[in-house]
Each structure stands twice: as structure tokens, then as C-alpha cells.
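Starting from the given sequences, assemble the full structure and let the hints guide the process.
Line by line, the protein sequences are chains L and C.
Quick note: the first sequence uses my numbering, first residue 1, plus one each step.
Quick note: the second sequence uses my numbering, first residue 235, plus one each step.
No lab work stands behind these hints, which were simulated from the structure alone.
Some hints here could point you the wrong way.
Quick list of simulated restraints, FRET-style, between CB atoms [stated by the list, open to error]:
{"id": "1", "chain 1": "C", "residue 1": "Arg590", "chain 2": "L", "residue 2": "Lys173", "range": "31 to 37 Å"}
{"id": "2", "chain 1": "C", "residue 1": "Leu313", "chain 2": "L", "residue 2": "Asn129", "range": "53 to 59 Å"}
{"id": "3", "chain 1": "L", "residue 1": "Arg14", "chain 2": "C", "residue 2": "Ala315", "range": "54 to 60 Å"}
{"id": "4", "chain 1": "C", "residue 1": "Leu503", "chain 2": "L", "residue 2": "Glu222", "range": "32 to 38 Å"}
{"id": "5", "chain 1": "C", "residue 1": "Asn286", "chain 2": "L", "residue 2": "Lys41", "range": "25 to 31 Å"}
{"id": "6", "chain 1": "L", "residue 1": "Leu185", "chain 2": "C", "residue 2": "Pro622", "range": "21 to 27 Å"}
{"id": "7", "chain 1": "C", "residue 1": "Leu618", "chain 2": "L", "residue 2": "Asp77", "range": "34 to 40 Å"}
{"id": "8", "chain 1": "C", "residue 1": "Leu656", "chain 2": "L", "residue 2": "Asn129", "range": "45 to 51 Å"}
The C-beta atom is built at its ideal place from N, Cα and C for all residues, glycine as well.
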Amino acid sequence: MPAVAQAPSNEATRILEKAQATILGETASYTLRMTVNRTGKSPRVVTMEGFKSGDDRGLVRYLDPPKEKGTAYLRRDDNTYIYLPAAEKVARVGPKQTFGGGDFNNGDIFRLSLSRDYEATLAGEETVNGASCHVLELKARNRGVAYDRVRYLVRKDGTFFPCFAEYFTISGKKLKTLRSDEVELVGGRRRPTRMIMENAIETGAFTELKFLKIDDRPKLDERMFSPASLERER
Amino acid sequence: MTRTRNHRRRRGAGPAAILGLALLLADASDAPAVSVAAAAAASDDYEIGVENFLYRSQSTLLNRDNVFGLDPTENLFRLTATGRSTFGRFAVKASAFLEQQTGRTDKTKVTFRQAFVDYRTDEGFLLRVGKQKTAWGSGFAWNPTARLEPPKSPANPGAEQPGIDAVRIDVSPSDWGSLTLVAGRAEAGLTDLPGSLARETEPSWTAAVRARLLVRDTDIALTYLAGTRRPGLWGLDLGRTWGSVALHAESALYRASEIDQARPDDSFLRVAAGALWSPGNSSLSLEYFWNGEGMTGSQYNAYTGRLDRNLATARDQRLPEAARNLAFAAWSVDAAIPFAENLGLRRHYASISFTRKDIATDLNANLRAVSGLSDRGLIVTPGLAYAPTGNVQMSLDIVLLFGPETAEYKLAPIRRAFQARLKYSF
Numbered sequence: 001m002p003a004v005a006q007a008p009s010n011e012a013t014r015i016l017e018k019a020q021a022t023i024l025g026e027t028a029s030y031t032l033r034m035t036v037n038r039t040g041k042s043p044r045v046v047t048m049e050g051f052k053s054g055d056d057r058g059l060v061r062y063l064d065p066p067k068e069k070g071t072a073y074l075r076r077d078d079n080t081y082i083y084l085p086a087a088e089k090v091a092r093v094g095p096k097q098t099f100g101g102g103d104f105n106n107g108d109i110f111r112l113s114l115s116r117d118y119e120a121t122l123a124g125e126e127t128v129n130g131a132s133c134h135v136l137e138l139k140a141r142n143r144g145v146a147y148d149r150v151r152y153l154v155r156k157d158g159t160f161f162p163c164f165a166e167y168f169t170i171s172g173k174k175l176k177t178l179r180s181d182e183v184e185l186v187g188g189r190r191r192p193t194r195m196i197m198e199n200a201i202e203t204g205a206f207t208e209l210k211f212l213k214i215d216d217r218p219k220l221d222e223r224m225f226s227p228a229s230l231e232r233e234r
Numbered sequence: 235m236t237r238t239r240n241h242r243r244r245r246g247a248g249p250a251a252i253l254g255l256a257l258l259l260a261d262a263s264d265a266p267a268v269s270v271a272a273a274a275a276a277s278d279d280y281e282i283g284v285e286n287f288l289y290r291s292q293s294t295l296l297n298r299d300n301v302f303g304l305d306p307t308e309n310l311f312r313l314t315a316t317g318r319s320t321f322g323r324f325a326v327k328a329s330a331f332l333e334q335q336t337g338r339t340d341k342t343k344v345t346f347r348q349a350f351v352d353y354r355t356d357e358g359f360l361l362r363v364g365k366q367k368t369a370w371g372s373g374f375a376w377n378p379t380a381r382l383e384p385p386k387s388p389a390n391p392g393a394e395q396p397g398i399d400a401v402r403i404d405v406s407p408s409d410w411g412s413l414t415l416v417a418g419r420a421e422a423g424l425t426d427l428p429g430s431l432a433r434e435t436e437p438s439w440t441a442a443v444r445a446r447l448l449v450r451d452t453d454i455a456l457t458y459l460a461g462t463r464r465p466g467l468w469g470l471d472l473g474r475t476w477g478s479v480a481l482h483a484e485s486a487l488y489r490a491s492e493i494d495q496a497r498p499d500d501s502f503l504r505v506a507a508g509a510l511w512s513p514g515n516s517s518l519s520l521e522y523f524w525n526g527e528g529m530t531g532s533q534y535n536a537y538t539g540r541l542d543r544n545l546a547t548a549r550d551q552r553l554p555e556a557a558r559n560l561a562f563a564a565w566s567v568d569a570a571i572p573f574a575e576n577l578g579l580r581r582h583y584a585s586i587s588f589t590r591k592d593i594a595t596d597l598n599a600n601l602r603a604v605s606g607l608s609d610r611g612l613i614v615t616p617g618l619a620y621a622p623t624g625n626v627q628m629s630l631d632i633v634l635l636f637g638p639e640t641a642e643y644k645l646a647p648i649r650r651a652f653q654a655r656l657k658y659s660f
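What follows is the structure in C-alpha cells.
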């Protein structure tokens, strides 16, 4: 669906910022279940706990299955690290690495400020599952981010819930499609609790993230968002 | 030198005592309220497993006429167990294996890889006492700054390393910097070859301090390390992301050669630099290692020539016994060098590693290759990892050696190795 190009607008950025804040607060702790689906294979389910502080810091640690328990991802500013219990080592990784072997990548999970990484432009309206939505065209501010262009749809009913997104390469090739739904009361407020990232290149491949618990006001020690704290995991 | 497995010649001191201390400390802890940071680290994990390492031995420059007395097939069978439990601010971890070696010698022994007690606070303080690993450094195949414990094998970096008896203190005064102090006792003469002749020495004490900083998106780690057999080592470790590639450079400047004991006052530099690119379900890493004290071609030829001469002298029945013993002692010292604490005999090395997840249902494939660029020696390690359920992991690796017979990697008295592992986590 081609968009009518417009200049980046404050209104588009405001909508984008509001949409991002609907799922997790400025600071949050949460429990997440990730299900990776591949054609002809049994779904792979991973349960993890996560912590977020502002737009720059995130930590996710696997709780289950036992063979992967202890694996941890840390995002701090533009730096991403992984701790692998089997190797007992912390390694710096790139933002485009697949997160946990699914269809989300590290940038999707930890790049918590789309408005900072992308220039937002209002590009019309569309209806998704009966809900009228703003269409935002997001253009990468630099090549270090996970996608060159994103088409991001946000509900117009005052909730600002994100409901649909498409991710493209610089050549316009669609890579993935994201759907957000299952609005539920979690952590004291209603919000979308399920995100499904569908791989546009690999037929039948998609990954579901389901928030099981969310606390928007945890007391977090900022030192937990450091590679040194990951090193002490072992 | 090929190192395809690791074991200690003597058991680490006092794992039972450490566990006993842990229980006492656990009783003393008063179940404090657990913060988010503490809760994040709190977990109980247990794992049991089976490992089997099968080696095909061969006569080589080092193992002339099978002087090591190896059987054509040497085998190690291990039952492994690992457990970690938390008790409030305390945690206990123990990892051990029961090993039966068949081949040159048939023997059974128990080895603790790790056995330590942790005490940590919410303010970023950690005290760890017992047998433990430090595993410092950003290098993949080579870690020139991680010299508290025996170096890992570049041919098989996935092999589980043994720890050393040590006390470690971590302090994190801020979220951008931390300080680690470690003092420990390591045994030199460790070897991972079946029945090889390791240099028999007393355990050496080493202490180290390491400051880790994150400055302008660059990881910086400064290390100083010194001990009873190590006059001093300065380490600098850098890591940074460039686009979608993670870069690293780990370097060490130290005094006293690890290869040539007759050079105790010379200084040397080692640098390992590389990159990791991990798009999607694949990852590719490259690394180059410069070993500043490595031998030149002529020095290496002199070294292997000396091995030959001394062994021939030691076996010459026409010579007096005293002369033969002297020659054998000299040969033993030289033969132990590849298995001692050095990171390689030559100057230039490179490694490449490729991993592809999900090549089939629950099946990952990986391929590692390490090359001694100075002599064109090559070790290739293809492997498969299969995880059919959430509890079970299996892996199979094959270690293959290529290159000229004079290459450093072909000094090792083995030519092929098969490593199979099965783990059950709960």
C-alpha cells in the first residue's frame, strides 16, 4: 500500500511516542512468553523475564526451558550483549541478530524508542480489524537500526494502541509484519499483550510474544543494566 | 598445539569444605527481602550429562616412535553433574565429573571443574570463594589477558574449562564501571592430551585487578596481573559495535617468556582482534591472533631439531645412563612447552567460526577452523547440536587436523577426535 509522502511532523512523532508508551511504561519489569513457529516443526516456547529503564536500557533473561535457562540479553544505549551460560561468557552482538532464534531481532526487542531512531510522517488512515488507524511512515535516521523503513499503524480511538506494522529494506522489500492484539488488563491497565511477528520471506514462520505479567513501577538498580552485572551471572 | 580436552592432574582443594561453608553461610543468612536485581540472579539449576571423547593417536615430531606410549585409540568417558542453588544473598555452585580413561592407562577419577560460594548484595558487590573460572576477555579463540587460569584450546573453545582455587571480589560503584579483584592458585603443567608428559611444577599464585568501563559505547577493560611465576602483565581489552558488526581487540603486554624460560626479562605483546556478524539465525566470527613471543621459522626448526636430538640421545644405549637421563630431562622440558601456559608456539594465527541455527528441526550446525598462519597448520571442527526437548541437549564434534607434518598443530600425538555430549537440565 503506497503511502503519500509527507514531511516529518510533530504530530506523527507525538502519535508514535504515545503508541510506544501504551505497552510498557518508562520503567518496567515483565514476564514474557515467546513462541517460535516454523512450518513442519513443533513450536519452541521460551519464558523470560525482562526489565526496562527508559528508552535505552533493557535486560531479558530466559527462565524456561531448562536447557536455555540463564541466557540473557542486555541492551544499553547502542550496545547489545548476550550472556551464554554454556560458555559462561558475555559477548557483544549486533542489533540485527535474531532474538532468541525467532522472528524478532534484538533491535525489535530492545530498541525501545522508535521516535528516536526513525523520522515519522503521517501517511493517511486505514482500518484494521474494524478499528480506524493512523498510518505512520517511519524512515530510519541511520543505517545502524534494524530496518530502513517501517509502516506503523496506531489506533485512532484515543487508546493509541499500535495494531499493525510492516518492516522494509531500503529497496522496498518487505521483511516482516507485526500484529499487536489481545488487549487485556495487565499490571493495572489495559494494553495490547500479544505481538505476532510474521516473517515475510520464510513462509509459515512467525513468532508470538505474550506478556504474562507487567509492572510499570518497579524499583530498578541501574547497575543491573551493565555488562559487568551480566558477567556475574555465572 | 591441539588441545582437545582438559583435565587437572590433581583434584582441586576442598570442595567438600567449600560446600560445608556454603551451608553454614546459608543458615546464617536471614532471608532478606529480595530486590529485583537479586531476584534476577536467584535460580536453582541442575544438570547431569555424559561426555565421551575419543582420540586417534599417532607418532609425530613430538611423539617420535610413540614415546608417549599411547594406544591407537584413547578414550575418555565422563559422567558430569552441575548444580547451582541460591539461599537469599548466597549461592552455591558445583560442577564435577567422574572420568574413566581407557587406552594408555585405565583409570578412574573425580574432578571438580568448579565449586564455589557466592555472596552478593543489591549494590553490585560480589564475593566468590572456591574453585571458579574467570573467563575474561573479549577474544573468541584466544584471550591473552585471561591468564589466571590455563588457556582454553583455540581448536575447541566450546570445551568446558576447569577453574582455579580463588577468591574474587567484584565492586560496581556505578552503572558504567566495575572493579574485580581476584587472587588464586593455578596449577601449571595442565594438559589435555591423553597420557602426555606435562611439566610437573608446584601450583603458582596469581593476583589480578580488572577495571571494566563503558565509555561512549566502547567497552574498555584494563587488567593487571602478577604472580609467583609471572612478573607482570598489563591487559587492554576493547569492544565496540560498528553497524551490525561487533568488534573486539584484546591485548596483553607482559614480561618473561612463556615459551623460553631462558628469557625471563624480555617483554612481549599479544593481540587478538576480531569481529562477530550475526544476521538472523546465523553468526560468523573472525579473529586474528598475534603472538609476539612466537617462534620464527628458524627458531621453530631449531626447537623440533632439539626435540629429535635429545630423544635420540636419551635412547642411545651406548651412552652412559647419566647422559641419557640428562637428555631425557631436556627433551621433557621442551616437550612440555606446547602443553604449558603459552597460547601458541608461532606468531600468526587466525580463526573462523560459523553457526547456523535450525538447519532442521531443533538442529544447529557449526563449523570452526583455526589456522597457524606461520606454518599453514589447520584444525577444522565441524559439529552438530540437537535439542529435541526443553531439557535435553546433544552435540557431536569432530576435530580434524590438516597441513604439513611439521606444523605446530601436528605436534600433538593425535590426528582425529570425536566428542559427544549429552546433557539433561532440570
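Hints versus structure:
1. Here the CB-CB span from Arg590 of chain C to Lys173 of chain L is close to 22 Å, at odds with the stated 31 to 37 Å.
2. Leu313 of chain C and Asn129 of chain L have their C-beta atoms about 55 Å apart, which keeps the hinted 53 to 59 Å range intact.
3. Against the hinted window of 54 to 60 Å, the Cβ-Cβ separation of Arg14 of chain L and Ala315 of chain C comes to about 57 Å, which satisfies the hint.
4. In this structure, Leu503 of chain C and Glu222 of chain L meet the distance hint of 32 to 38 Å, their C-beta atoms being roughly 36 Å apart.
5. In this structure, Asn286 of chain C and Lys41 of chain L meet the distance hint of 25 to 31 Å, their C-beta atoms being roughly 28 Å apart.
6. Distance hint for Leu185 of chain L and Pro622 of chain C: a CB-CB separation of about 38 Å, inconsistent with the stated range 21 to 27 Å.
7. As the Cβ distance of Leu618 of chain C to Asp77 of chain L is approximately 37 Å, the hint placing it in 34 to 40 Å holds.
8. For Leu656 of chain C paired with Asn129 of chain L, a C-beta distance near 47 Å keeps the hint of 45 to 51 Å intact.
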